[in-house]
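**Q** Take a look at the letters that make up each chain.
Number of protein chains: 2
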Amino acid sequence: MSFDRLIEGILRTQNPTVAGLDPKLSYIPKSIQTACFAQYGKNLEGAAAALLEFNKGLIDALYDIVPAVKPQCAYYEMYGWQGVKALHDTIAYAKEKGMFVITDGKRNDIGTTMEAYATAHLGEVEVDGAWFTPFGGDALTVNGYLGSDGITPLLTICEKQEKGIFVLVKTSNMSSGELQNLNVNGGDTVYFTVAKHCETWGETTMGKYGYSGVGAVVGATYPEQLSELREVLPTTFFLVPGYGAQGGGADDVLPAFDPKGLGAVINSSRGIMCAWQKKGFAEQDYAKAAREEAIRMRDELVGKLGTIG
Amino acid sequence: MSFDRLIEGILRTQNPTVAGLDPKLSYIPKSIQTACFAQYGKNLEGAAAALLEFNKGLIDALYDIVPAVKPQCAYYEMYGWQGVKALHDTIAYAKEKGMFVITDGKRNDIGTTMEAYATAHLGEVEVDGAWFTPFGGDALTVNGYLGSDGITPLLTICEKQEKGIFVLVKTSNMSSGELQNLNVNGGDTVYFTVAKHCETWGETTMGKYGYSGVGAVVGATYPEQLSELREVLPTTFFLVPGYGAQGGGADDVLPAFDPKGLGAVINSSRGIMCAWQKKGFAEQDYAKAAREEAIRMRDELVGKLGTIG
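For the protein sequence lines, the chains are V and C, in the order given. Counting in the numbering used here, the first sequence runs from 20 upward without gaps. Counting in the numbering used here, the second sequence runs from 20 upward without gaps.
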């Protein structure tokens, strides 16, 4: 369990970006929707087919320059089990193209239930002696509100494989402080308390680049906290949402990186997915628009960071 | 948005129990597995068919005496999208039989992503002018670590319908105190802070029995906290896990109820599902065993509570 494969992808592409795959029908070109509805019907199956087709176009346009994708489970569940099948197929396609897949499910539970989530999203399940891969992601986002009981089942199941988790620490949204910024017993904040747990949970899963397999989600919208956390969590890799659409810029995310330009991967979802709509591209050029935006973002980040590694 | 339909189910059956549907293959009679593997193959599809068949047997045995079921998403996701289809079909079957369905997903995210989860599990989704029900639960468990941004999208989408949410407050596991019991700024604990938010979030969703549509998850394993929270959260309905297999008994859960015997629903998952294994029933009698255990549990609870309502 570690983030070595993610880090190697970042080094290879010289790009610390993850592309969020959060497809809603309104982001998807009409021509794709029309074709899928014609083939599968104007229903959940047709919608799910459109999601998958859209994602494949994005992956084809990105896989050589962006090391990772982050499908957000909610957008697939919204289209029923048919949508969840599209999540499965999206993960499989991205992995075929060599991308690192972070399944953004923010899952949380305890004991055997958390083991079931770990099996679902990172592991293999046994069916009467035969083994199957339910979803096959490389990493999973998780919520640590339930404490160690919610995290250790992931460590156990993942240590056998090259998998990782990202624990929510300081999220990018406006109201994240309501709970996360409260000061607890010793003076630390709630998010800082969770952050310190990440270092401890990660101890037995250290990879060869100095980062463990237990990462942390820290929002781009809170650069001071990014800076504070980078300093006290030397072995915790960061997943940083909130760049772009949520208001975080390149300068805001710089504190997430270590001096080598490693230690963080920056997510952009709508910025890349919806570039065709935001920049006035024709809909058939949605993948081209996504690639252009991904290159712009990479160049902006690397312009500040310099050579990574 | 409220828990009126759940409360009416409790009054009708005189039973404040919810049956957890957390099916693993190892809980399912071999004869069901064999028949499903013969029909669908020894694969995820066959496993998912066995889950559904098992659940249907349980629902048939329980629907007239137990008002609600709580399928735990993890156990379905563990068998891939095929398992998630079994979740959909389980929810549909339970609703057909008049049961209230609490989808236990502990979902959490912000803004449009949380809206997508709300749509997925409690609402309807539009596909080019036609509307579909992705999963169709009556209530969803959610994790409030992200603050109000993670909860208000649920309120908005649910107010139009008779739906509810249960927010994790004090969970039943051993390590729940690591974060939840820390004292914050004013001296309150983290769980107490979340609990007070529940009362506020629920204000606009009051039902006719004096409870809002925003409930709280409070574990049976912490009776003191149950008692404390019942007192300060007069309009918050409780979902209480941890009875039975996790060690909570009837006396432990009593503080969760108001003087009328309302205000809480007590979950039993393995206790009911696995009664046939625990009590040495023949496997073909698994549903009968589940019914016997559900009656035993009901009688134990109502023996302490008296007439409900």
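None of these hints come from the bench; they were simulated from the model. Among the hints, erroneous ones may be present.
Note that identical chains are pooled: a pair holds if it fits in a single copy or bridges any two copies.
[As the list claims (entries may be wrong)] Derived SDA-like pairs (lysine to any residue); straight-line CA-CA distance at most 25 Å: (1) Lys-61 - Asp-108; (2) Lys-61 - Leu-324; (3) Lys-323 - Phe-151; (4) Lys-323 - Arg-31; (5) Lys-49 - Thr-208; (6) Lys-61 - Trp-150; (7) Lys-215 - Asn-204; (8) Lys-307 - Glu-243; (9) Lys-49 - Thr-175; (10) Lys-116 - Thr-171.
**Q** Honestly, which of those hints from before does the structure not fit?
**A** Numbers 2, 3, 5, 8, 9 and 10 - these are the hints that the structure violates, sorted from lowest upward.
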